[in-house]
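Here the protein sequences line up with chains A and B, keeping their order. Numbers in the working numbering are just positions in the first sequence, counted from 1, shifted up by 33. One point on numbering: in the working numbering, the residue at position 106 of the second sequence is 96, and numbering is uninterrupted.
The set of hints was computed from the structure by calculation and includes no laboratory data. It cannot be assumed that every hint is accurate.
[Unchecked claim] Subject to a maximum C-alpha distance of 30 angstroms in a straight line, what follows is the list of computed DSSO-like cross-link-like pairs (lysine-lysine): (1) B:Lys68 x B:Lys32; (2) A:Lys89 x A:Lys103; (3) A:Lys103 x B:Lys47; (4) A:Lys89 x A:Lys59; (5) A:Lys103 x B:Lys68; (6) A:Lys89 x A:Lys102; (7) B:Lys47 x B:Lys32; (8) B:Lys68 x A:Lys89; (9) B:Lys73 x A:Lys89; (10) B:Lys68 x B:Lys47; (11) A:Lys102 x A:Lys59; (12) B:Lys73 x B:Lys32; (13) A:Lys59 x B:Lys32; (14) B:Lys47 x B:Lys73; (15) A:Lys59 x A:Lys103; (16) A:Lys102 x B:Lys73.
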Amino acid sequence: SQQGEEDPQALSIQEGENATMNCSYKTSINNLQWYRQNSGRGLVHLILIRSNEREKHSGRLRVTLDTSKKSSSLLITASRAADTASYFCATDLGGAQKLVFGQGTRLTINP
Amino acid sequence: EPEVTQTPSHQVTQMGQEVILRCVPISNHLYFYWYRQILGQKVEFLVSFYNNEISEKSEIFDDQFSVERPDGSNFTLKIRSTKLEDSAMYFCASIYRGNTEAFFGQGTRLTVV
């Protein structure tokens, strides 16, 4: 299978702290994307990082990709209550091929 | 901002009945997908569609499932004879071209009773 694990499965932190979530995968990939899902709702795209990129930023989000370790991390800085959601990484083999999702990390930001 | 829209948001159906889930992808997108998420589990790929034909399908996408793009804007998923285990959230997604982000709809929650 293409996808591995995300950890932690659940993370609870205080508002203002940073949150780090990790994703590992098993095969070579072309792109890795991070999505957010609020409870029972749709998937919101956060950021796409290509296999030849090592780091990418978008606002309070920082994504790293280590292809030698087949892993990625998502860092949310200065967390807010509105960041409470599940976060998923998804990989693809390039082109317009399907996304393979991880199990996700459930993030809770306590006010 | 353009978005993928799905209807209905929630559908309850009797086991054995046919259901059609509807999606309107972003208008200039060329690749279309259906995924599903059983409650509390990860999102799983069902099928991809390009140039009016299926590009790839998963093991889940058996003969009970079909997809269609009947009029150049809608993209539908039909389940011919629903089973209890088809209960899930179904997501439609589209992309403009390869190696770009996928945009997902809000999902249709299908409950088979």
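Report the numbers of all earlier hints that the structure fails to satisfy, in ascending order. Violated hints (numbers, rising): 5, 8, 9, 16; every other hint is consistent with the structure.
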